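> Residue strings, one per chain:
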Amino acid sequence: MTVWAAMLTATLIMVVIASVLAVVLRDLLAAVLALGAQGLLLSLAFYLLQAPDVAIAQAGVGAALTTAIFLLAIWKTRRKEEE
Amino acid sequence: MTEAIKIETGQGYWAPLIFVVALLGVLILAVLIWSRGRREYKRGTEQELPFLSGEKVENPRVGALHLYWGLAEALRPLLERLRGWHSGNINEYAGWFLVILAVVVLLVLA
Amino acid sequence: MIGNLPFVVCVILVALGLWTLVAKRNLIKLVIGIGLIESGVNLFLVSLGYVHGGIPPIYTYAPSGAPMVLPTPQALTLTSIVIGVATTALMLAFAVVIYRHKGTLDARKIRDLRG
Amino acid sequence: MSAHAPILAIAVPLLGGFATPLLAKLHKRIRDLWVLLIVLFVGVAVGYVAVHVFTQGIWVYVLGARHPQETVVSGGFPIRIMLVVDAMGAFMGVITALMALVAFPAALKYLPEEEGKTLALTLGSLLLAGIMGMAYTGDLFNFFVFLEVTSIAACALIGFRTWTSRAPEAAFKTMLLFSVSGLLFLLAVAFLYGEYGALNLAYVSVLLRGSAVDRLALALFLGALLMKAAAAPVHFWAPDAYGEAPAVKALLLVVNTQVSLYGLWRVLFTLYGGILDTTVGWLVVAMGLLTMVVAAFMALAQTDLGRLVAYGAVSQIGYMLLGVGVGLVTMSGRPDYGLVAMKGGIFHMLNDALTVGLLFLCVAAVELVKGTRDLRELGGLGHGLPEVALFFLVASLALAGIPPLNGFASKILIYEGSFRASPILAAVAVLTSILLLAVFARAFQGAFLGPRVNVEVRVPWPILVSMGVLAVGILILGLVPGFFVEAMVTPAAKALWLGRSLYLSAVLGG
Numbered sequence: 016m017t018v019w020a021a022m023l024t025a026t027l028i029m030v031v032i033a034s035v036l037a038v039v040l041r042d043l044l045a046a047v048l049a050l051g052a053q054g055l056l057l058s059l060a061f062y063l064l065q066a067p068d069v070a071i072a073q074a075g076v077g078a079a080l081t082t083a084i085f086l087l088a089i090w091k092t093r094r095k096e097e098e
Numbered sequence: 320m321t322e323a324i325k326i327e328t329g330q331g332y333w334a335p336l337i338f339v340v341a342l343l344g345v346l347i348l349a350v351l352i353w354s355r356g357r358r359e360y361k362r363g364t365e366q367e368l369p370f371l372s373g374e375k376v377e378n379p380r381v382g383a384l385h386l387y388w389g390l391a392e393a394l395r396p397l398l399e400r401l402r403g404w405h406s407g408n409i410n411e412y413a414g415w416f417l418v419i420l421a422v423v424v425l426l427v428l429a
Numbered sequence: 007m008i009g010n011l012p013f014v015v016c017v018i019l020v021a022l023g024l025w026t027l028v029a030k031r032n033l034i035k036l037v038i039g040i041g042l043i044e045s046g047v048n049l050f051l052v053s054l055g056y057v058h059g060g061i062p063p064i065y066t067y068a069p070s071g072a073p074m075v076l077p078t079p080q081a082l083t084l085t086s087i088v089i090g091v092a093t094t095a096l097m098l099a100f101a102v103v104i105y106r107h108k109g110t111l112d113a114r115k116i117r118d119l120r121g
Numbered sequence: 210m211s212a213h214a215p216i217l218a219i220a221v222p223l224l225g226g227f228a229t230p231l232l233a234k235l236h237k238r239i240r241d242l243w244v245l246l247i248v249l250f251v252g253v254a255v256g257y258v259a260v261h262v263f264t265q266g267i268w269v270y271v272l273g274a275r276h277p278q279e280t281v282v283s284g285g286f287p288i289r290i291m292l293v294v295d296a297m298g299a300f301m302g303v304i305t306a307l308m309a310l311v312a313f314p315a316a317l318k319y320l321p322e323e324e325g326k327t328l329a330l331t332l333g334s335l336l337l338a339g340i341m342g343m344a345y346t347g348d349l350f351n352f353f354v355f356l357e358v359t360s361i362a363a364c365a366l367i368g369f370r371t372w373t374s375r376a377p378e379a380a381f382k383t384m385l386l387f388s389v390s391g392l393l394f395l396l397a398v399a400f401l402y403g404e405y406g407a408l409n410l411a412y413v414s415v416l417l418r419g420s421a422v423d424r425l426a427l428a429l430f431l432g433a434l435l436m437k438a439a440a441a442p443v444h445f446w447a448p449d450a451y452g453e454a455p456a457v458k459a460l461l462l463v464v465n466t467q468v469s470l471y472g473l474w475r476v477l478f479t480l481y482g483g484i485l486d487t488t489v490g491w492l493v494v495a496m497g498l499l500t501m502v503v504a505a506f507m508a509l510a511q512t513d514l515g516r517l518v519a520y521g522a523v524s525q526i527g528y529m530l531l532g533v534g535v536g537l538v539t540m541s542g543r544p545d546y547g548l549v550a551m552k553g554g555i556f557h558m559l560n561d562a563l564t565v566g567l568l569f570l571c572v573a574a575v576e577l578v579k580g581t582r583d584l585r586e587l588g589g590l591g592h593g594l595p596e597v598a599l600f601f602l603v604a605s606l607a608l609a610g611i612p613p614l615n616g617f618a619s620k621i622l623i624y625e626g627s628f629r630a631s632p633i634l635a636a637v638a639v640l641t642s643i644l645l646l647a648v649f650a651r652a653f654q655g656a657f658l659g660p661r662v663n664v665e666v667r668v669p670w671p672i673l674v675s676m677g678v679l680a681v682g683i684l685i686l687g688l689v690p691g692f693f694v695e696a697m698v699t700p701a702a703k704a705l706w707l708g709r710s711l712y713l714s715a716v717l718g719g
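Protein chains in written order, with the numbering used here: chain A, 16 to 98; chain B, 320 to 429; chain C, 7 to 121; chain D, 210 to 719.
Hint data in this document are derived by calculation from the structure and do not stem from the laboratory. Keep in mind it's a predicted model, so treat the numbers as computed, not measured. Cβ coordinates follow ideal geometry from the N, Cα and C atoms, glycine included. Accuracy of the hints is not assured; some may be wrong.
As the list claims (entries may be wrong) - Looking from chain C toward chain D, a few residues come up when the C-beta cut is under 7 Å (computed):
#, residue
1, Leu36
2, Ile40
3, Glu44
4, Val47
5, Phe50
6, Leu51
7, Leu54
8, Leu82
9, Val88
10, Val91
11, Ala92
12, Phe100
13, Leu119
Kindly produce the complete structure, drawing on both the sequences and the hints.
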């Protein structure tokens, strides 16, 4: 197992963990931050998969901009999920 | 030209212009029969006013919801169930999408 | 070698997203679910194009000899990311408007349109 | 110019739509004129393409080639993006252009300036571009992009009246379901790309072998497009969307649904035509029957006129699914009744656009005059609005399939074709038509009959002209259907049912 494969495996496992957190966390702010982390990790995975241009787009648009829009929406509504 | 006025339906054809001519014939016949009827109807008398069980009705409007009251009443269990199905809950709508997706996958892969 | 790991992760992400749509009631959570499905599909596309030992398809003068990673799926992914942001923003805007009217984001309570 | 007509029919509304808000800053009149010019241009371009395709066969337009008619050499690998317009695509384009030509002038007078008229016109123009793109493209990924363009534009149109609470709710639900279906469509495209390394519809179609991955992709295509086409039981978004969008713009939403149906036919007949068995056909038939029956019963239970018409529109989708589904079932044996059913289903797309469009314009007029669409409060409008009442009556009868109007002309083809496949199908379709007649008789009685009520607001003349155009279309298609069936519907049906090899050879050569 090369260093590259180990890094990709670790990244992908962290992507899954962040995704699960984004779904199960009841605090929407935390969930959105988990989604943002997932986006960044995904961008790292894209970089490792030899797609640097996609990685840049994913980090800038897919992770940062999306998270900003989510934060704006939460700021305009409420932070906790209903029971 | 005959092609333009009719469409083949496999077992026969549908020619609307012939239908219209026949319809006009039937209408003329109906008007003829109607015109031979007795003329007892008088405008401006009580004959024009609506009565319900011998009582005069002030606002004789039958609302749309009262039309087919019997049909709607008979179908009530079905209609209530169908309305319950359109529950407005987005989770259920997404669930139905998953159900259809599962059915399609099973059908196609089988 | 990494084998099928990216594809397994894609399946997990898509399944997780679909489960969110059915099981979660908060509208913003539903939009998060859409985001997860989208990242799953994007990862699938990028993994499709990956060639082991390939070079990124972004050079004007590519080093000779090495195979190139397929450029088409990467272009598709770029398009998909941008479209994803647009849909997410639109859905969140509607969620905010709904909250302003109803004071809640609970899917069970946002049922004016039924029957 | 004329050599570039297919791409211009997509590019002009797309770029023109983005220019609309800028021109609105200059002057409102310039903006109105601009929008009308865009729609007129699309009409002319689509008409030109249609005449060309119906007389000379499939039009392949290659983007980025030295010469737009340049096709790949025999056995070659198509690397460029293409627009491929066959008879069915041209027919779909004609429906779209017709409805746009009717909807936009009416919208100019119907939408109030302070209620985001500029936004609505821009979104309508983008929606038009997306629909044209879906109708003309010959590339799977482009189809996905245009699918998302229509999703975003349509949902923004549904929900742009943010001061009501119902419109954003409908828009959110619709957008959520559209997003899922769009992403699953992309996943299916990715499956096919992974298997064959191509996105060109014709090229992938040649390569398809029917492996497990192909079949999984087919399932995803089916799920995504059936959802966007509002087939039961995934039709829940459709009555919300049609009912809550501005009634004039609901015309474009109806065309959007139809172009999704067109995409479904394109995938099933052209892409998977070589390997499809009858199971999928029976699924389409079953969902068609369910759609028409459920929507008709739901229409019976409505008290809101707009929602009632919306359910009526959904039930018509069932007829199209039934007609083309019978064609799909019989595709291997190719009996002549299969083609009859196909013709009925495809002819019904045009008829449905006209009748449902006219009904939505009538709803718009009623809403404009009375400010409400609730059947419990409406009534007696026939005295003040005799022309609207007449149009509503004509459209209702056409939708219920009463001869000699156009709805009957297409429904009799569906009845006859499906009767030969199985008498039960035709029986259900006829009974549903009778139920729909009852529903629309009730709607007519509730809105237009009864004691006279005062009508202060006049219906603006562009809306009445649009209604008149649609009503004349209904009468012409009803009285002389043969001409249109021979000229446009039969080629379109044959292009799907028999023309797969023609489509493939037109794109790939040889």
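> Just pull the numbers of the violated hints for me, sorted ascending.
9 and 10
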